[in-house]
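Engineer: Given the sequences, and given the hints that come with them, work out the whole structure.
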Amino acid sequence: MMESDDLVRDDLARSEAVAQEARRNARRIELVGTRSRAVEVGRSRLAAAAVMFGIAFLVIAGRLVDITLIEGPAEPRVAHSVASEPTVARADITDRNGVILATSLPTRSLYADPALILDPDNAADRLAAVLPELDPVDLRAKLAKRSRFVWIKRNLTPRQQAAVNALGVPGFAFVREERRVYPHGALTAHVVGFTGVDNRGLAGVERHFDQQLRSGPVTLSLDIRVQHIVRDALSKSVATFQAVGGSALVMDVRTGELLSMVSLPDFDPHEPARASDDQRFNRNTLGVYEMGSTFKVFTAAMALDAGVVPVNGGYDASEPLKVSRFTIRDYHAKNRWLSVPEILLYSSNIGAAKMAMAVGGERQQRFFDSLGLTRPLSVELSEIGNPMTPAKWREINVVTAAYGHGIAVTPLHLAAGVAAVVNGGELHPATLVKHETGVPVPGERVISAETSSLMRAMLRLVVAEGTGRKADAPGYYVGGKTGTAEKSVNGHYARKALISSFVGMFPSDNPRYLVLAMLDEPHGTKETFGYATGGWTAAPVVGEVVSRIGPMLGVVPRETGGEPEQTMLIKVRNDEAAH
Amino acid sequence: MIVVPRTDTSLLGRWWWTVDRWSFGALLLLAGLGAVMVMAASPAVAERIGLDSFFLAKRHLMMLVPATFLMMATSLLAPKGVRRLAVVVFVLATIGMVTTLFVGDEIKGARRWVGIAGFSLQPSEFIRPAFAVVTAWLLALQRVNGVRWGDPAAIGLYALVIGLLILQPDFGMSVAVTGVWVAQYFVAGLPMILVVGFAVAGVAGLGLGYTFLPHVQSRIDRFLDPASGDSYQIDTALSAFRHGGLWGTGPGEGVVKALLPDAHADFIFAVIGEEFGLVVCLLIVGLFAFVVLRGLARLTEENSLFVMLAAAGLLAQFGLQALINIGVALHLLPTKGSTLPFISYGGSSVLALALGMGMLLALSRRQPGGKEVL
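As they're listed, the protein sequences go chains G and Z. Each residue of the first sequence is one higher than the one before, starting from 1 at the first, in the working numbering. Each residue of the second sequence is one higher than the one before, starting from 1001 at the first, in the working numbering.
Mixed in with the good hints, there may be bad ones.
[Stated by the list, open to error] Listed next, with one range per pair, are the computed distances between beta-carbon atoms:
1. GLY1245/Z with ASP135/G: 39 to 45 Å
2. ASP113/G with GLY1245/Z: 22 to 28 Å
3. SER1053/Z with GLY216/G: 45 to 51 Å
4. ASN1303/Z with VAL59/G: 43 to 49 Å
5. ILE1155/Z with VAL65/G: 38 to 44 Å
6. ARG146/G with LEU1029/Z: 35 to 41 Å
7. LEU1332/Z with GLU21/G: 57 to 63 Å
8. VAL1036/Z with ASP121/G: 35 to 41 Å
9. VAL137/G with LEU1101/Z: 52 to 58 Å
10. SER1053/Z with ASP121/G: 21 to 27 Å
[Claimed, not checked] With the C-beta cut set under 7 Å, the calculated list includes, among others, these residues of chain G facing chain Z:
11. GLY42
12. ARG45
13. LEU46
14. ALA50
15. ALA56
16. ILE60
17. THR68
These aren't lab readings, by the way, just hints derived from the structure by calculation. A virtual CB, placed ideally from N, CA and C, is assigned to each residue, including glycine.
Structural biologist: The following block contains the structure:
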């Protein structure tokens, strides 16, 4: 029994061992199974990884070939790549007829690598011999520096470059650069502006169109011929009347395009750093002035359009007008009742003030807003002045604004506003960019066509018979308005410092162009009997400009003698009213 | 060439007959080309920073000798030996990285270097090959031996390494380490859904880096829109390739090396493009592709999952580093400081590379009888 028990136990043990062995085997087989499965997956994944790496290396190789052999000069090149073509990065600025106002010339700039210079003193002396404008002492210091790059001189001429190369001194090298050139120099300096040494626009159109000029040329509305005439006439006048400065512009009243814009004194745009602040100052768009009587154009247009007074109506100007603690007088006092045309004709402050009071401050303010007189211009320049308007529009402000005091705007504000009054009643924003024919001109109606027609006639009358006679140009039927304002100096009006201006347009019956001239602190001469007012100083500039640009711009002069119909009508009514 | 008889059963004899001589030769050729390139590019850099002209070139050549020995010595190891070496290096490098956080020299805004006996070592360079092998081991353990903690351990170590890299901070190397780690997981049979998941996470990680690390942000901005910032280096590098053309300007005749701050390291490929031209550039790209693709192809015949994963990781690391460096120089990728393996001047990083490639050669040796490793 004992034996058999043992045997049974042995059997059990053996069978257990066998089972264990079997379990181990099963486990091993299972492991081998998982292992081979894992390895199989790994193989296919490795193949996928190899494909991805292969593609990546092919992309790299393709890009290498692309960069080295295919890709053209579209990408910016470093100046050191000798093979590059001379390309110009900044496009031209032209006038309306394609005349170049600004262009870029490729030039070379000289630098030195002091590490390559064997004898700095000798090299400095020899270089100073061919480029005498360089200071030898300064040069020696530069060439002895422990660096690998020092600028010596920017923008050399080819002749200078050849001279430097001919020295045969090692260590000098050139960087290809470009330089902005303004063929007309100071003539268009304020409009076109200038760029810095790195060719970024710093002023004028150059600055406003800085980005655009990197992709293509800009065509301005300027006409260089007109610009020349305007500058010529204005500078003669500034010299004659010993003015500290002046400004003038010509605008197409139908589109708002500026054919000319001149501010004196001006400067050489190639060397803006040498110009004074006053020279760089654009009086047309940055300077804000109390424009004086030229504002009466707005006052009359406003009153007529609002219907507060008929064109043959008028106001009593026999006595000075008292408003709060101020007394308003007339410069050319008639001391009688004046009709609306007469108020303009004799530039009556009292009449204008009464007209404005009749309209009322609120409507006056709205009207000025609609003419854009109360906000900065949208013209394509960076030099834009902010108009100064009364903080609170009190009665005295209504009165003074009627004749252009207590409100300061730029001459271009005035021009755009007057253009709207005479062109049929639509305000077109002043622009320096050429208007493409066929494209509608942006504009907003500010007065009725009828009022505009009356205003034209009355402005013609001012030139034909009133304060603006010197602005007339035979055959062109110039119409306009004088303005003389005392400059505000330290909060007081200075009697002797005047802003004398004239805003004119021609031909009066169907105006094409507006001409504005303004002199800053002109002095009377013997010929003007000591007068320095707008009628004596600025009006002749406008007259000269009109007679010279008229034929050029295709405005046909008509026989003199007869006045346009509408003017005659007004004149008759005016005479009737006077009697 | 040395003729080693097939019957030679000494250590070197067995090595000669079992090692992947083609890959070994390609790596030596790369290192040789690199020596020439560093000779060409580094004097300009050395002079600029006020060193003797050939200071950097000499250092590089001096470093190549121990590096070659290290690579050969490592390649003599059996897979088990590679695994043990990797574990030891991993532990040491981790300690080193922790140390840099406290006593490291801060260079260019990051604490990555630690000075040892006059050399400044970057422990994170050494952790990369070691980490790849350790990861392979853990992944293989889980899949082959049925160990349950293999994958969790691999993920834990990954988090540790990435954490240390981010603390330095070294965003570029984090991306590289992640790339290799994911590649290994991919080969180990990561389900496709998770592959997609990792891709999404990668993009999200880049997004986070972009949002929270200003220098990463500026680099990516400049890559996408070169006008938004200073793209001087990349413009200069691109013009170098154009200047070089098909055959190059000739050794020493290039000019960009005087303009590029990292001409001997990060932008050495641009110097090669200018001085040696497109042909040599394509040759170098071809050598890298040869090593990576041949290595991957040979692995498909491998029976050991550990060897497969470890070697794939090392190859991915080598290949990605080359692709990233060249991609940056060609403006295919945003600027990222990285060296071109065996070509760039690298100092201690050459040793790390040699270690990694030595491990690769050791793993890819023909195992007599296809003996199981694990």
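Engineer: Name the hints, by number, that the structure is in violation of.
Structural biologist: 4
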